[in-house]
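Novice: For the protein sequence lines, the chains are A and B, in the order given.
Converting from the first sequence to our numbering requires adding 5 to each position, the first position being numbered 1.
Converting from the second sequence to our numbering requires adding 5 to each position, the first position being numbered 1.
Think of the hints as simulated: they come from the structure by calculation, not from any bench.
Cβ coordinates follow ideal geometry from the N, Cα and C atoms, glycine included.
Do not rely on the hints blindly, as some may be mistaken.
Where chain A lies over chain B, by a calculated footprint (3+ residues, C-beta under 8 Å) [to be verified]:
#1 54-65
#2 197-205
Lysine-lysine pairs mimicking DSS-like chemistry, simulated, CA-CA at most 25 Å apart [to be verified]:
#3 B:LYS368 to A:LYS30
#4 B:LYS7 to B:LYS260
#5 A:LYS7 to A:LYS210
#6 B:LYS374 to B:LYS348
#7 B:LYS260 to A:LYS402
#8 B:LYS374 to A:LYS402
#9 B:LYS374 to A:LYS374
#10 A:LYS172 to A:LYS210
#11 B:LYS7 to B:LYS109
#12 A:LYS368 to B:LYS30
#13 A:LYS402 to B:LYS368
#14 B:LYS374 to A:LYS368
Number of protein chains: 2
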Amino acid sequence: MKLISGGVCAAKGFTANGVHCGIRKNRTKRDLALIYSETPATAAAVYTTNLVKGAPLAVTKAHIADGKAQAILCNSGNANTCNADGVEIAEKMSLLAAETLGLKPEDIVIASTGVIGQPLPIEPIAAGMKPLAEGLNPDGSLTAAEGIMTTDTIVKEVAVEFEIGGKVCRIGGIAKGSGMIHPNMATMLVFITSDVAISPEMLQKALSSDIADTFNMVSVDGDTSTNDMVVVLANGRAGNQEITAEGPEFETFMKALNTVTVHLCRMIAGDGEGATKLLECHVTGACDTQNAKIVAKSVICSSLLKAAMFGADANWGRVLCAIGYSGANVDVNRVDVAFRSAKGTIPVCKDGAGIEFSEEIAKEILLEKEIEILVGCGEGPGTATAWGCDLTYDYVKINGDYRT
Amino acid sequence: MKLISGGVCAAKGFTANGVHCGIRKNRTKRDLALIYSETPATAAAVYTTNLVKGAPLAVTKAHIADGKAQAILCNSGNANTCNADGVEIAEKMSLLAAETLGLKPEDIVIASTGVIGQPLPIEPIAAGMKPLAEGLNPDGSLTAAEGIMTTDTIVKEVAVEFEIGGKVCRIGGIAKGSGMIHPNMATMLVFITSDVAISPEMLQKALSSDIADTFNMVSVDGDTSTNDMVVVLANGRAGNQEITAEGPEFETFMKALNTVTVHLCRMIAGDGEGATKLLECHVTGACDTQNAKIVAKSVICSSLLKAAMFGADANWGRVLCAIGYSGANVDVNRVDVAFRSAKGTIPVCKDGAGIEFSEEIAKEILLEKEIEILVGCGEGPGTATAWGCDLTYDYVKINGDYRT
């Protein structure tokens with residue numbers, strides 16, 4: 006398996022595009038994205054667990070109930086959530102895309118991201134649909150990725166190439182997500198495409214299984230969005246024999262999917278609102294996986310630790326504190342903690358108590374852009390990784406006045 | 006019942022004092038506090054649920070197992086937590102206080118607050134004990150309250166006067182707490198004194214019942230401290246007939262206690278690290294109290310809402326979002342939201358959807374120092390209140406480099 010350039014157009018038979026249609030006031034920001042498969046594709050999705058759900062989620066869920074879809078239409082600048090006419094607007098979006106692409110509305114996945122509770126006007130989308138569709142092209146992943154960004158500062162795309170049954174296969178994806186990131190069953194907007202032939206059941210199984218260890222282990226601010234959605238389209242153009250059951254081919258697909266999702270997780274966490282650092286918490290030695298996950302996520306979510314990491318302060322007491330209140334079954338008197346980055350590794354706590362360390366070396370390690378927090382529980386085989394970011398002045402700035 | 010001036014010395018027979026002994030480097034900051042009852046007092050306490058517990062908590066728990074105590078010794082600047090010799094040091098503190106005051110070590114409540122994982126030297130405490138005890142006086146509540154402060158910016162004390170069986174009674178308290186505030190079964194350090202005569206069982210019952218609606222409904226940053234503790238001493242000097250069972254006298258005591266604790270909650274939340282505003286979320290119409298509490302606490306804990314409040318931005322979508330992911334049993338399509346302050350009330354959401362409102366008026370209301378977020382669930386009799394604060398640049402600043 007190897008990483009290749011590109012995103013949602015890396016797999017055979019996919020094109021994409023992104024334009025500015027006028028939902029966002031800033032004319033330099035694309036706000037409408039389209040991803041298209043030349044042939045019908047198998048579709049699977051997971052959605053937010055927030056009781057308040059964006060209207061597009063309900064529409065998408067109905068459309069892919071048959072396990073099939075052929076295009077994804079997504080706008081940024083407005084979440085189309087908590088609006089009385091939300092479902093109606095999302096259905097109109099489907100209709101516009103279907104008419105333009107010569108498909109049925111039920112073949113369209115609809116997604117929206119942006120402000121909650123402001124009516125989404127259909128006019129700019131209607132006006133932008135034709136140029137959007139006409140501009141579909143095999144190099145369009147980047148503009149599509151730009152079209153779904155809100156407070157994101159970097160474009161998020163990734164692709165991998167691998168073989169199944171002697172056939173060259175690809176999976177690629179784009180993502181947006183920077184604030185209101187604390188996915189539960191799904192995350193922000195992630196669109197993944199593949200040319201692998203796989204049944205709807207196995208595709209959904211692969212996705213549902215993967216997100217438990219990937220997107221559900223990311224947190225920027227503890228707020229689970231109303232519009233989180235991860236969608237995978239697989240059009241079978243790689244020509245492999247369709248995957249319809251577990252086995253080596255399914256394992257290969259799972260591994261490739263995981264490579265893509267972990268990359269996107271790291272990109273989302275590292276580009277958290279206002280973030281200057283990617284935090285990665287690796288837990289080992291927990292009594293089981295579930296408890297390892299609880300510990301990893303609690304550490305990554307601690308506002309106090311996040312602020313300390315912003316200040317490159319090796320305040321390991323905050324790691325212990327977050328483990329202690331996590332609710333995990335863990336013997337805090339056996340916990341070891343170390344910080345690691347490209348500059349080296351420094352152990353700071355052993356068996357739940359502090360050990361002497363050089364503050365200068367710790368500072369040097371923590372000044373890096375990617376910090377690993379290594380937690381050893383000394384109890385069993387449970388391991389887990391969670392991704393987050395530091396808490397900075399800019400997070401407050403961005404969210405102190407998001408709507409204006 | 007009326008509010009009176011003073012804190013832990015308001016009740017008859019209590020004196021207090023606070024000094025700088027040298028645990029904190031800054032000589033202008035008091036770092037050692039003592040509260041003393043001239044006669045033995047009934048004692049009750051609640052502690053953090055964090056698995057990582059400060060050594061002083063274990064020592065205090067053992068000392069008041071008999072329901073009695075006569076003095077509280079507390080240092081700031083060092084939490085005496087995650088240290089190999091933690092319990093030993095806390096016991097030495099008890100011994101020093103006992104010797105100086107002519108009491109038994111088992112009569113002393115010990116508490117510590119500050120940095121985790123750095124050994125607490127006993128020398129400054131030993132040196133400071135004599136001047137601390139000699140300075141005990143009936144006006145010492147303020148200096149004791151200063152002695153327990155860390156990143157607090159205001160001194161927190163309150164007292165009330167009421168009658169039980171024709172006898173004038175008083176309850177007063179001091180508190181510290183600004184960061185790492187998300188109590189669970191207890192909060193930061195809160196010391197409450199009373200001259201009411203009450204049995205240990207009924208005192209513990211009153212305290213345990215009260216905190217569920219007060220300190221456990223406060224959150225500054227979602228981090229549950231390792232050293233949270235609320236202690237009540239009641240010395241019976243008011244001369245009322247001892248309260249040994251439920252009834253009107255117990256109800257009066259509960260009401261007075263609640264007046265004190267709610268005041269302290271508001272002070273702790275409003276003085277949250279870096280806070281510019283006190284946030285108070287009132288939930289009504291939930292199906293029951295438990296669900297009302299879950300909703301209120303989720304709203305108050307949302308980083309996104311906290312940042313919006315800092316920016317005086319009426320971003321009610323974040324309130325809906327926080328309700329949606331709270332896990333409470335609530336019909337989001339029936340939720341109403343309004344913001345209220347001294348400048349007026351503005352409804353912003355009805356039945357889960359936005360309503361038109363004046364952004365100018367909303368801004369004026371949200372620029373106040375005390376903001377109420379009113380959530381109506383339209384379902385049942387459940388009500389709850391939670392207290393928090395806004396998320397500001399200063400929170401990041403304070404916690405980016407706490408240890409140096």
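Novice: Just to be careful, I want the Cα atoms of LYS260 of chain B and LYS402 of chain A compared with a cutoff of 25 Å; is the pair within it?
Specialist: violated (41 Å)
Novice: Taking only the CA atoms, is the gap from LYS402 of chain A to LYS368 of chain B under or equal to 25 Å?
Specialist: holds (17 Å)
Novice: Can the restraint linking LYS7 of chain A and LYS210 of chain A be considered satisfied, given a maximum Cα separation of 25 Å?
Specialist: Holds. LYS7 of chain A to LYS210 of chain A sits at ~23 Å (cutoff 25 Å).
Novice: Is LYS172 of chain A within 25 Å of LYS210 of chain A, Cα to Cα?
Specialist: Between LYS172 of chain A and LYS210 of chain A the Cα gap is close to 22 Å, so the pair holds against 25 Å.
Novice: Just to be careful, I want the Cα atoms of LYS374 of chain B and LYS368 of chain A compared with a cutoff of 25 Å; is the pair within it?
Specialist: violated (37 Å)
Novice: Are there three or more residues in the segment 54-65 of chain B whose C-beta lies within less than 8 Å of some C-beta in chain A?
Specialist: Satisfied; 5 residues make the cut.
Novice: Taking only the CA atoms, is the gap from LYS374 of chain B to LYS402 of chain A under or equal to 25 Å?
Specialist: holds (19 Å)
Novice: Could you grab the alpha-carbon distance between LYS7 of chain B and LYS260 of chain B and see if it respects the 25 Å cut-off?
Specialist: holds (11 Å)
Novice: Does the segment 197-205 of chain B contain three or more residues whose Cβ lies closer than 8 Å to a Cβ of chain A?
Specialist: Per the Cβ count (0), the hint is violated.
Novice: Holds or violated: are the alpha carbons of LYS374 of chain B and LYS348 of chain B at most 25 Å from each other?
Specialist: The hint holds at about 10 Å.
Novice: Below or equal to 25 Å on CA atoms is what counts here, so check LYS374 of chain B against LYS374 of chain A.
Specialist: violated (37 Å)
Novice: Run the distance test for LYS7 of chain B versus LYS109 of chain B: straight-line Cα separation, threshold 25 Å.
Specialist: violated (36 Å)
Against the hints set out earlier in the document, violations occur for numbers 2, 7, 9, 11, 14.
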